[in-house]
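**Q** So you can see what is in the structure, the chains are spelled out below.
Number of protein chains: 2
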Amino acid sequence: MPDRTVFFVSDGTGITAETFGNSILAQFPAKFRHVRRPFIDSADKAQTVIEEINATAMQEGKRPIVFITVVNDEARTRIETQCNAQVMDMFRTFVEPLETELGVKSNHRVGRFSDVAKSQEYTDRIEAINFSLAHDDGQSSRNLAQADVILVGVSRSGKTPTSLYLAMQHGIKAANYPLIPEDFERGAIPSSLAPYKRKCFGLTIDADRLSQIRNERRPGSKYASLLNCRYEIAEAEKMMKRESISWLSSTHKSIEEIATTILRDIRPDRLIY
Amino acid sequence: MPDRTVFFVSDGTGITAETFGNSILAQFPAKFRHVRRPFIDSADKAQTVIEEINATAMQEGKRPIVFITVVNDEARTRIETQCNAQVMDMFRTFVEPLETELGVKSNHRVGRFSDVAKSQEYTDRIEAINFSLAHDDGQSSRNLAQADVILVGVSRSGKTPTSLYLAMQHGIKAANYPLIPEDFERGAIPSSLAPYKRKCFGLTIDADRLSQIRNERRPGSKYASLLNCRYEIAEAEKMMKRESISWLSSTHKSIEEIATTILRDIRPDRLIY
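Protein sequence lines, in the order shown, are assigned to chains A and B.
Read left to right, the first sequence gives residues 1 to 273 (UniProt numbering).
Read left to right, the second sequence gives residues 1 to 273 (UniProt numbering).
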């Protein structure tokens, strides 16, 4: 039984409300029941949500927590004044002081994604996703010159989801290349990568964790055995050291954390735009 | 020349600070220069950033705007008191009132991603990404029974990035299947989809836009011609109507907006968890 119900009410997708709300809620040991209500962009729609929130308060005997990102003034004011809830209004709290600081009125646009489908930034993101897909798992060495970063590491060290995340969220053209036993025997990174060593970034992982992940795919195989995982990882780390490729361990990191670290190390210019 | 410099200072990846900050900044017509400073988790690191912020204020003759998500009290207090800047502190503003509401102290954990790599939710997301990759562009009909949603539409209507976004952000197993001229001639959706019609969701797109996108790939081809794009789209929409498949137009929508709409329509339970 969750401790409290949380509503995310937005006039757009609600992604901003939810991301922000989750970062706040993560500070508490309580369990929350999440309810998302996107596209609430009129007073009428707000009214329906208010009734739902108040019914929840009554039923549960506890006020819900409500994160809102709604710019329609009437809808917003109704939610703030008519809800039996703890309402967290990110716009009123932060947009209004910023109007004073900047000396301009906000244009109260709806959501950060409005018209985004036409923007250059958005087009770049889509193009980066296509690039990363075409260059997943060493599928293609064509156009590697255009890659922003090339992730290298043993099979199942987290290269694919990280590449896709870099592309999707940051518009980074991220290729990825597996390091395989043949590379270790030859004692060199795949030859197609040699001209692009400066763009390579390594991922490594604890052997125990790797063996566990590989066993889910191919239970009991040599590929998944702890002994083989230890060997591959040791060889991969040795190679990355020898080739002076920066690397990190993905074992205790989410793809978001890995991506941020890579950006900071390999494309620090992307931290400023 | 941008109107103002904005710093995103965080003890984690800074994703929360930036997402939230951008939603606030989008309300203003001004141009901003973005500077990201992730992993600021000590008073020492905070000091370096404070000096950078104050140097910027001096150089530009305008106070920077600073969005912070930092839970370390000493680092946070220093930034708030020593910066010549408009500081927006999401934690102090919202976490503290919530402590009162819930009647518990927050545990001041660092970031929403801490330990996430071990959580079930995270594992589900990674598994969903693998599923969506394996079921991209009709590559495989195996395990379609496990799909949460199957996106259908003509080539280049936005299925692939939407599938990956649904997987990455929502842990949704999203397959996607192209509708091709052979399907239109036969007058039926691909036979492997027939048992799963209830899970299908269609994407359509304006013919002008589709022709433009396809021309970037294969300039001057029949595939990219406006006439052919019109034909394919008309046939695809006819098919979706006949098969009672919900659909939307991706033309003016970002993948985030498309994904939210799909979740609401096909997996409304995913709006509550």
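Hints in this document: simulated from the structure, not taken from any laboratory.
Do not take every clue at face value.
Calculated cross-link-like contacts (lysine-lysine; reagent style DSSO-like; alpha-carbon spacing at most 30 Å) [claimed, not checked]: (1) Lys199(B) - Lys241(B); (2) Lys105(B) - Lys31(A); (3) Lys197(B) - Lys241(A); (4) Lys241(B) - Lys222(B); (5) Lys45(A) - Lys199(B); (6) Lys105(B) - Lys62(A); (7) Lys62(B) - Lys105(A); (8) Lys31(B) - Lys105(A); (9) Lys197(B) - Lys241(B); (10) Lys45(A) - Lys105(B); (11) Lys222(B) - Lys199(A).
A short, non-exhaustive set of chain A residues, derived as facing chain B with CB atoms under 8 Å [stated by the list, open to error]: (12) Gln27; (13) Gln86; (14) Ser140.
Keep in mind that this is a model prediction, so the values were computed, not measured.
From the three backbone atoms N, C-alpha and C, an ideal C-beta is built for every residue, glycine too.
**Q** Check each numbered hint from earlier against the structure, then list the numbers of those it violates in ascending order.
**A** 3, 10, 11 and 14
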